[in-house]
Every structure is written in structure tokens, then in C-alpha cells.
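Chain order of the listed sequences is X and E.
For the first sequence, counting from 1, position 366 maps to 366 in the numbering used here; every step adds exactly one.
For the second sequence, counting from 1, position 441 maps to 441 in the numbering used here; every step adds exactly one.
Mixed in with the good hints there might be a few duds.
Since the list gives no way to pick out one identical chain from another, each pair is judged satisfied if it fits inside one copy or across any two copies.
Computed list of lysine to any residue pairs in SDA-like fashion (alpha-carbon distance at most 20 angstroms, straight line) [what the hints assert, rightly or not]: (1) K299 to G530; (2) K540 to S563; (3) K549 to P216; (4) K458 to F362; (5) K540 to I471; (6) K300 to S438; (7) K393 to D545.
Note that these hints are calculated values from the structure, not bench results.
Number of protein chains: 2
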Amino acid sequence: MSFNPRSLRRYFPILDWGSKYNKDTFTNDGVAALIVTIMLIPQSLAYALLAGLPAQMGLYASILPLVAYAIFGTSRALAVGPVAVVSLMTASVVGNMALQGTAEYAAAAITLAFLSGLILLAMGLFRLGFFANFLSHPVIAGFITASGILIAASQLKHLLGISAGGHTLPERIGGIIENIGDVNVITLVIGASATAFLFWVRKGLKPFLRAKGLSPRMADILAKAGPVAAVVVTTLISAVFQLQNHGVKIVGDVPRGLPPLTLPAFSGEVWSQLFGAAVLISIIGFVESVSVAQTLAAKKRQRIVPDQELIGLGASNVAAAISGGYPVTGGFARSVVNFDAGAETPAAGAFTAIGIAFAALFLTPLLYFLPVATLAATIIVAVLSLVDFSILKTTWGYSKGDFAAVLATILLTLGFGVETGVSAGVMLSIGLHLYKTSRPHVAEVGLVPGTEHFRNIKRHEVLTTPELVTIRVDESLYFANARFLEDYILDRIADDCDIKHVVLMCPAVNEIDSSALESLEEINKRLDDGGIKLHLSEVKGPVMDRLQKSHLLHDLTGQVFLSQYAAMKALGDVTKPAPSDPVAA
Amino acid sequence: MSFNPRSLRRYFPILDWGSKYNKDTFTNDGVAALIVTIMLIPQSLAYALLAGLPAQMGLYASILPLVAYAIFGTSRALAVGPVAVVSLMTASVVGNMALQGTAEYAAAAITLAFLSGLILLAMGLFRLGFFANFLSHPVIAGFITASGILIAASQLKHLLGISAGGHTLPERIGGIIENIGDVNVITLVIGASATAFLFWVRKGLKPFLRAKGLSPRMADILAKAGPVAAVVVTTLISAVFQLQNHGVKIVGDVPRGLPPLTLPAFSGEVWSQLFGAAVLISIIGFVESVSVAQTLAAKKRQRIVPDQELIGLGASNVAAAISGGYPVTGGFARSVVNFDAGAETPAAGAFTAIGIAFAALFLTPLLYFLPVATLAATIIVAVLSLVDFSILKTTWGYSKGDFAAVLATILLTLGFGVETGVSAGVMLSIGLHLYKTSRPHVAEVGLVPGTEHFRNIKRHEVLTTPELVTIRVDESLYFANARFLEDYILDRIADDCDIKHVVLMCPAVNEIDSSALESLEEINKRLDDGGIKLHLSEVKGPVMDRLQKSHLLHDLTGQVFLSQYAAMKALGDVTKPAPSDPVAA
Chain X
1 MSFNPRSLRR YFPILDWGSK YNKDTFTNDG VAALIVTIML IPQSLAYALL AGLPAQMGLY
61 ASILPLVAYA IFGTSRALAV GPVAVVSLMT ASVVGNMALQ GTAEYAAAAI TLAFLSGLIL
121 LAMGLFRLGF FANFLSHPVI AGFITASGIL IAASQLKHLL GISAGGHTLP ERIGGIIENI
181 GDVNVITLVI GASATAFLFW VRKGLKPFLR AKGLSPRMAD ILAKAGPVAA VVVTTLISAV
241 FQLQNHGVKI VGDVPRGLPP LTLPAFSGEV WSQLFGAAVL ISIIGFVESV SVAQTLAAKK
301 RQRIVPDQEL IGLGASNVAA AISGGYPVTG GFARSVVNFD AGAETPAAGA FTAIGIAFAA
361 LFLTPLLYFL PVATLAATII VAVLSLVDFS ILKTTWGYSK GDFAAVLATI LLTLGFGVET
421 GVSAGVMLSI GLHLYKTSRP HVAEVGLVPG TEHFRNIKRH EVLTTPELVT IRVDESLYFA
481 NARFLEDYIL DRIADDCDIK HVVLMCPAVN EIDSSALESL EEINKRLDDG GIKLHLSEVK
541 GPVMDRLQKS HLLHDLTGQV FLSQYAAMKA LGDVTKPAPS DPVAA
Chain E
1 MSFNPRSLRR YFPILDWGSK YNKDTFTNDG VAALIVTIML IPQSLAYALL AGLPAQMGLY
61 ASILPLVAYA IFGTSRALAV GPVAVVSLMT ASVVGNMALQ GTAEYAAAAI TLAFLSGLIL
121 LAMGLFRLGF FANFLSHPVI AGFITASGIL IAASQLKHLL GISAGGHTLP ERIGGIIENI
181 GDVNVITLVI GASATAFLFW VRKGLKPFLR AKGLSPRMAD ILAKAGPVAA VVVTTLISAV
241 FQLQNHGVKI VGDVPRGLPP LTLPAFSGEV WSQLFGAAVL ISIIGFVESV SVAQTLAAKK
301 RQRIVPDQEL IGLGASNVAA AISGGYPVTG GFARSVVNFD AGAETPAAGA FTAIGIAFAA
361 LFLTPLLYFL PVATLAATII VAVLSLVDFS ILKTTWGYSK GDFAAVLATI LLTLGFGVET
421 GVSAGVMLSI GLHLYKTSRP HVAEVGLVPG TEHFRNIKRH EVLTTPELVT IRVDESLYFA
481 NARFLEDYIL DRIADDCDIK HVVLMCPAVN EIDSSALESL EEINKRLDDG GIKLHLSEVK
541 GPVMDRLQKS HLLHDLTGQV FLSQYAAMKA LGDVTKPAPS DPVAA
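Looking at chain X on its own, in the form it has when it is part of the complex (with noise of 0.2 angstroms):
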């Protein structure tokens, strides 16, 4: 491999816009950051809560992932950190392989956050984005709302300050009712105040805000500090009021420190084990990622590099694997506050990594006396947020296969977990595709009377001749589809023995792969064989080159028209009522 400079710009982009760093990109760079890091601290101690893993490792991922971002990344404004979906995968696959609260449960998160860094990393190098496509956005859509109310079930607990387990909606309903009776009142006041506060900040504050004269764009940043303020009322009145021998969870000793310098296991059979969730969780975190992150260039069009923004991700997820954290990816709301904040370059991120750097040296002591049950609230307020039924509206009036698999994906990840949703969402998906491609809407066309236009029999008044048969296909044609085409050919000649010639119209015939080719020379085979000639007109450029490969044009006992009308001029014994126009060649 060799290193020159432009090749090292492409995977080093740091190099791009840190040649154009200035003093006022760095200002506002840094507004942006400490905004961020009051926004990010909270959150980043639920998510790790939320992915079963001690509240310092959600600090941790949120320092050298930035950095490494900041070096690799594509995006400007793109936030990384510990994000809910990630979080909600995360302890769901980490919970299968060990006790939540042991060392092997934290050994295998930093483990999980390796295998997904060099697997994206692997994507990024061999430009294997496109991977992700295979997630439609109906898929998507339902797995992230479906996600929204597991992550929300599986808060509930700590608002009411119980004890209960399970991955799937079931199971933690189950897991609530059954402990119901050892609701501790105060978790609750606590928990459901903190609830309709942050509930209240997000409708209600910044038209308060606007209302007592702040600028708009202050009132917006002041409204997503909201969760900071519910950290620090909760947390004096459980320390004034020691309720931590009330039954009141608290966060207790988070230690105080930069990152330890932590390794992966290097186990096969523990990288086998968590190899299809780290496939899942990368693809699912770089979809997530790539989507904000485009939304946002658009708006002052730059542009991003999707197979970059894989290897920044990787590095992010190596990065947290060597410093404690787990796995990370861009977060939505943290990178609009970003963008809204003015950052305008992936330094702001660094920036932010010193923050959070900071916060992990000196403020954690100071989150001894945090409820719990206040970072329960911070989750649910914001993961409420991605739970949206309208896509069942949307899909419906659209299209019942793409309904039909965003109804199975929240289904299928409420009733069996992330991993089984996504992936029969993924499945179906495909199969419905293949599905509706291979009944492509084929067409018997004849003549528009004074035209040289050509439409369906069955709708429009058209000129035919009984000998002539014209086929118009609607669809590429590829494996899915082959045998459909001959069977249709095959049904339509059956027993009709006026016909001696069959014409394929192929305006929309984008690809023809071998599949379709062999069924191709198996119709002309099997026409020839009943008397009836093969023609083909208005083939498109690409696929004619390459026909032009094959042995198809040599063999095909009919010809190909450049136009159907040339064709219907040339085997078609059709008297056309007054032709306005010389016939075509």
C-alpha cells in the first residue's frame, strides 16, 4: 500500500479541514463543545445504565471515541457517544454471555465495542457501505419505535424502584407486575417528578423561555440543558435528605479518573458468540450515524463520505474498546444541539472529549447522591421521542409489503428481542422485493390508431394482428423473474396457433443477467420449435452490449427493432389508418 498525499487525505480528513483551522472556527468550535458536554454527561451515565454497565464506562466512551471521530470522520457536526439503541443492543447481546454487574459483563461490552470497530473499519476499507442498504427505512423505522418502547419498559423498574429482568416487552411487563408489591414511594416521587419535569422542559420550556424574551436559539439550548437541571435537584435533595437509607437507588462511587487502558479478550469462542450482534449493531449504528450526519451537511451543503464515516465509526468503537467504553455511533439529538450550537468542524467533538475528560477527574464525586431513578426519567423522556406508529399509517396507504414488514419487525422485536425484529425485518424485506420483482406487470401492447405509440390491449382501443403477439416487460429481467417470463410467453402461445411472431418490448428492461438470458434463448428454443420467430425491439444501450456478449443475437430467429413500431411495420400485416409520420428505421 502506498501513501500518497491525496490517499492520506481520503483516510485522514483531519487533514482537510485542520490545514483551514482558525481562530474563529475554534471559538465557535468550543461553544459548541461545552454546550454539548453539559448536554452529554447526563446522558452518557443513562446510556450506560440503560446498557447494564457501570456508570463511569459511559463517561469513558465519550472521550477517546470523539477524538478518534475528530481525526477520521467526514461529518462536521456529528456527535459520538453512547446512543439508546446501541446501549438497548448492546445489553441485550453482553446479557446472553454474562451476569450483569460482573467483570465478564463489562469485558464482554469492550469486547463487543472492538469487534464492531474493526468490522465497520473492514466495511470502510473494502467500500462495503452499501451493506447497509439492505435495512429499508420502513424496517428502520419500526425497529427504532419498537426499540423506543422496550428501552422504556426496561426503565420503568428503576422509576418505581424495583427488581425485574427479560429483553422482550413480555418479559418485562411480566418482571414488573410480579414485583409490583416492592414499589419504594419515594424512587416513585422522585422518578415520576423527574419524569413530568423533563416532559415539561421538552414542550414546555422553550415557549416559556421565548415568552420571558430570550433569543430563540438560547431558549432552544437552555431547553435541551434540562436534564442537567433535573441531575442537580435530584441529586441535592437525595444527599440533604440521605435517601439512600430510604431505599432510594443512588448512582453511588463513580470512580474518579481518566480511561484505564483496557484490552478486548482475544477468545474465538467469545468473538463467534458476539459476531452477529456486532455485524448488527455496526450496520444498525452506521445507518443511524450516516443518516444524521447527512441531514446535517446538507443543510450548509458539505458532503460526507459514507465509506469514510465507516472507518471513522470504526476507529470510535476501537478507540472505546482500548479505553473502557462500549460500543458507540453518531447520536441524534446531541449532534443537532452541536450544529445548532455552531460547531463547524469535527474538532468541536475533541473539544467535548475534554470536557467529558474533565467531568470524569473532578465531577464525579459529586454524582454520588444521583437517583437512579433521575437517569430512568432522562431515558425514557428521550427515547419516547423515537416511538412513531405512523409508518403503520404511512406504509399502509403506500404499500402492505413494506406494511406488512414494519407490522413483523416491531412484532418480532417486541415479542423476541432487537436481534430477531431486525433481522426477520431484514429477511422480509428482501423476500419482498424478490417477490414483487419476480411477477413484474407484463403487458400485451398494440398500435395507438394514427400514432406510433404503443399501449396495453386491455385498456386502450389498439391495432393487432392475430400473427403477431407484442410483450411489453415492465421490469429487469434477472433470476427472480426468468421462469415467469417464459411461463407467460409459453401460456400465451399455448394452443393459439395463428401467432408467428412474438415481439419483447423492452423500454424498461434495465439488466438482463444470465439467468434471464438463458431463459431468453429457451423461448426462442421453444418458439422455434412451434413455428413462431423471436424478435426483441427497443433494447436499451447498456443491456444491447451486453446482448452483444452473447450468443442470444446469433441464435434469436427473429431480429431487433430499434423501435416496436419498426417491427410492427415489418412482420405486422396492419393496415395503419392514414400514417402522419415517415416510418422509422
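For chain X, the structure is supplied; the task is to place chain E on it using the hints.
Frame of chain X, contents of chain E only:
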């Protein structure tokens, strides 16, 4: 379910042809049946051997299943029974569950036939025949070639008179090399002579008989009877010299009589172990059978009904399971013989069944001394005609992706067995298709001067205006390429501040699914953020119908134009040199 006469006729094609049955058809069917019977006796014994089953199970599989197909099948010439590839797959699947030669082994083969029959029946009743389309032609061709090699390799040990096991090519070759010291010379002489004779029958007998003055049809039929000659001669030699006392393996006692009534094992465990394999066997058997049936039907302009063929084959397999047989399907060689010998209706199959039943009742004692090496020679000569590497050359020239799929199928089938090979081939075909359509051909187009045609700006001298970008997509828009289009358009507009309009030209877009719809909404929104309007042109009727159910047309910042020329006239400040036609609407 109400059975009106029409649906009765759909499910029982026998009612259709049976009502027109007369003496002439009877004579023709009878002659064909006689010839097929003579061909089928050694074949059915040999394929049972290949499947690792007692010889009589080959005969049983050639009686009741043929009657069932005669009632339910739609092909006039298809000859059903044990075939090579399905026998190989049976051996491979059942070999994982029981030891060859045990009662469990035979019971598992019977259960496999039953399951496969149920699967085929279900696919037929629910009209799921399209599943077979997921097997692309190159994958089937590669699979058949590799199976032919595997089958020939599996019979080598019988030619040499040694014992050897294994399911993959390396295992089989290893097994032979390991035991090469045990070669039985007499067996080798019989086996090698029979093989040489059968090859000569295949290549040289027909010209020889023609030269002797026989009619081409008679010469052809006699050539097909070659295996019977080999069986008769080697059996006589073996009996006269009592070769079983010299280490030559003979068929031995084959129980006389009609098939016993058998029942499959109704065990959940067995069924779940066999289910995946039963699906594969069903689909591969169906694909092979339908392609033979269609070829023969087309020659007489008859039609077959693929979904009813599923029912016919399903009934045959259930019939095989309840009468001591194993999985069956339509065989290529014997169907061609049946057709050439003049079979006119499925009754020929029923008459063949009577012939085989006669053989099972009275001829089995004559088979006692038949050397197994002769049967092995029959198999080897038959399957080597399946081996055809030309598919590699064809696909290499036509499509590297298809080449990769066929090469992978061949190598994985040889190296890891039939199930792995064909599964990998299917997944690779689907993956490659998604990959190809996920990166569609997209061209920026401009106006060809003096016309209303638009062409690729990279290939032609065309007129464009800086504020208008027209993009033509040559593919249906769906989840696998939705993001590609987003990337493409956002890349195109990044850093180009002149652009005010983007037109998406859609003459080759046959479908827009929910994902692509969402991507278009997203593109629309992002372009709007950048002050650019999005327009569509030349949207097809069915696609437009669909779009009218969505929000896109309402949210679209631009317009939908019937023709690209209309779009250019409305949006571009183009000074078209000397327009020859009036402007389109």
C-alpha cells in the same frame, strides 16, 4: 372449500385428458410405457444404491408415485421416479441421521419423501412456485455439474470393489486413496468394461445401428436400452462364474412382491432435522422437473401449470412415502425417451408403473447375481453427461457476478456437500442482485440540439444550463438503492451554488417502494434546505398512481412534468437552436 367442476379439473387434470381418452392414445401410451419400463428397471435399482438404500426401494419409488403423478400432473410426457441428484441429496441428508444399511436409514428416507411431498403440496396449494425462482440458472447449472462429479466419485468405490465413505469430493477421494490396496480385480474388470460399453452405447451405438439400416427412432430407442444389455450380460457372467465367491459384490436377495404399506416417522425431532433439507430437495426437484416438462410441452404447444405441477410432484412424494419409496421427481432422460416413444397422456406413466410392479413381482430373483459394479457404471455414465463446465465460460464472458455465483456453487458443493453449495449459491445470487441494483446506472443528461431527446452529458454533445441538473436513474427505486440516490444527488449539489433545480427523470423507474419514497422526501427536504427545487419527469403511470397515495407530490418543492423536454422548457433558460417541433405540453 367448495368444489365446483372447474376447480376439480384444476386439481385433477386427469378429468380433462381422461375424458378424451381413446384406443389410439392407449396404444401410443402403452408402447412408450414399455420402453420406459425397460430403461427404468436398472436406473431405479442404481439410484437406490446411490441413495444408500436397498435396491427394491428404487422399484417401489417407481410404482405408486407414477400413478399419483398421472392423476395430478399436468405434463403429458414427464416420467417421474428416482433421479440422480435427488438420490445424492437423500444420501447426504439421511447419512447425517443414521448409518447406511440400518432400518433407521430407510425410515428417514421415507420420512424425507413424506415431508418433501407435504412441502410441495403446500407450495402448490398456496401457489408458492415462485420460490423456485430464487435458484438462478447459473446456480442450478453449477450445482448440477458439481453433483454429477460428486455422484461419479461416490460410485468409483463400487467400480473398484472397495469400501470408502464421505460426502464431499476431498473425503471421497481420500477414502478411495486410503483403501486403494483392497481393489478387487474381477470387480474392476466388470466395472470398467460395463462403463466402456455404456459410453460406446451412448456415442457409437446409434450411428452403428443407423449404418445397419435401422430407422433413427428405432436406433435411438435401442441405444437407450444399452444399460439393460449391460445388466443382462454381467448378471449372466456373474451367475455362471459364481463371482460372489471371488469378492465381487452382487445385488443379492431383492424381496419379491408389491410395495409394502409404510408410514413416515411422526417425530417432531426427526421432522425438524429433515425440514431444511426437504425444502431444498423439493425446490431442486421441482425446478428440474418443471424445466423438462416445459421443454417437452413447448414442442407440442401444450401447456403445463407450474403450481399444479407442485401438487403432482407433492402427491408423488407422499405416494412414495406410503409405499416404501424415497424422494422422487421428474427425470430428464426418461422423460425425453417417453416423449420420443410417443407418450400422449400421463396414462403412460401409470402403465410404466404396471411394468415396474410386474418387475417387482416376478423379475427380482433374476437380479440376484447382478454385480453392483454394473449399476455403478450405469450411474457414472448417466451423471457424467450432467457435468458441463461451459457455464463457467458463458458466465465469465457475460457477467462476472454470475460467474462468481456459479464458481462458488461448484466449489462449495464439491468441498462442503450439496446443501452448503446450493444454499451459498442462492444467497450469493440474491446478494449480487441486490448489490447490482443498489448501485444503479445514473446519468446526468442534457438536451440533444435540434431534438427533444435527452442524453448522457458524458457521452454526447448536449445542451445544459448551470441552474438545472437533470438526473436519469435506470433502475427501480427501492430500499437497496434509495440511499445511493440520496448520496448521489447530495454529492452532486455540494459546493455547486449555481444549481436552482434538480429534475429526476424516471422513464426506467418501474417501482418506488416506501424506502425510496422516504428518500425522495428526504432529498426534497434537503434540496429545499439548500434553496433548490426538486422536480420529477416522465414518471410511469403505475408509479404515479402509487405516488398519488403519498405525501411526496404534496410536499414536492417543484413540479411533475410529463416529458423531460417540458421540464427543460419550463425551468432552463436554454436557447434551443432552431426547434423543429412544437413544444410538448
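Structure versus earlier hints - violations, ascending order: 3, 4, 6
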